[in-house]
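From just these sequences and the hints, can you work out the full model?
Chains as they are written, first to last, in our numbering: chain A, 1 to 288; chain B, 1001 to 1092.
Any given hint could be a false lead.
[Stated by the list, open to error] Taking CB as the label site, the calculated pair distances span:
id, chain 1, residue 1, chain 2, residue 2, range
1, B, Trp1004, A, Pro222, 36 to 44 Å
2, B, Ala1066, A, Glu60, 54 to 62 Å
3, B, Met1001, A, Glu254, 35 to 43 Å
4, B, Gly1031, A, Ala72, 28 to 36 Å
Just so you know, the hints here were simulated from the structure itself, not pulled from any lab data. Computed from a predicted model, the values in this text were never measured in an experiment. Each residue gets a CB set at the ideal place from its N, CA and C atoms; glycine is no exception.
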Amino acid sequence: MNAANPRAAANPRAANPRAANPRAAAFTLGIAGTALHAHGPEAWIAPLRSAWAKWQPDPESIAWDVHLTADANLPAPQGPLFEAVPRARGGVCTLAAPGFDGEVSAATGTACLRAHPDAEPADIGYFLRVVLAVQAFACGGMLFHTAAIVHRGRGYALFGVSGSGKTTAAHFSAPDVVLNDDLVLLWPSATGWQMYATPFGKRRGDVHVASLRALLRLIKAPDVALVPLSPGRALGELVANTPVLSADPLWLPEVMARWEALLSVIPAYALHFRRDATYWEVIDAELG
Amino acid sequence: MLNWDDVLIAAPTLVTRESEGELVVVLPEQGKFVVLNATGARVLHLSDGTRTLREIADTLAVEFDADQAQVEADVLRFAQALVERGALLVCK
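Here is the structure:
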């Protein structure tokens, strides 16, 4: 942080969110057609700006403002913001926990987070992830819990509930590129749907985007198999893996409609797999 | 455990969508979903807070022109599963 900002090194209190008037900073996170312009205390902004420098916005993207404020009147955080569950109602998403009070409005395209000065940059990163989920949806895309692997130039989304094996599947897919092992941004294009890498998870390789070829619901099993999912099952599984948005009854009908549109052009399967790379042989035979 | 005089109603926050003969039921507060076939979907639709479970079974037996005992078993199983998942509530 200090290396990125010599002034902070000279006067660390000025950049500290605990200071009465912490120095403000800003950066913009851009993925596909989304852009989040975050501004707040430099101690929170600088590490994210450095770590996420590769995610620059498209010049034509319309940025949402994200206001980050240090508020010492809030109680001290009792844990990472990651443990808080986003609540969505009526197009407004809130994220609240001891030491944190955040809100994202799809109607106004703005987001605000008040956080105790002891909050970590990782907490701010999690809030930005929630904001991205809302903005991406408002712009025609969707954030999706999946391990996104680029195999033979095509993108495969391996998804499932926590513990279904996303990280394991990504591991056994080496040396294939992993756009992200937990979260990608789906974005429509003239030729189908694209998967964009996000900074929210582990990656392998330096590829940032791939065309989506198939959706694969992971199921641990002794024998490898690729079984088509029924349309209803596929829709339910995908909605359940759509972070933030699936919590709001107002957003859900449109979320389901968007997944149905995607499923009309992208096939969905149950991938029965075991702890080796043999599932790619089955995928290549069926989909390659 | 449900009984035949129970009156059921769909949870107010349920979101449903029909998809090629299946009904996808999402429970937004729980982040869970259920996929229902035609019988299950009909049980859900008839659970409007006015009918007892027995009345729902009688209605389905007529609509599907099916064996009454089999329909009752199916209705009870579906209703129980939907109550356990929070998709259906028992009216007090």
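Quick rundown of the hints versus the structure:
In this structure the supplied range 36 to 44 Å holds for Trp1004(B) paired with Pro222(A), their Cβ-Cβ distance being about 43 Å. Checked against the given bound of 54 to 62 Å, the beta carbons of Ala1066(B) and Glu60(A), roughly 58 Å apart, stay inside it. For Met1001(B) and Glu254(A), the hinted distance range of 35 to 43 Å is satisfied, since their beta carbons lie about 38 Å from each other. A beta carbon spacing of about 34 Å between Gly1031(B) and Ala72(A) agrees with the range 28 to 36 Å that was offered as a hint.
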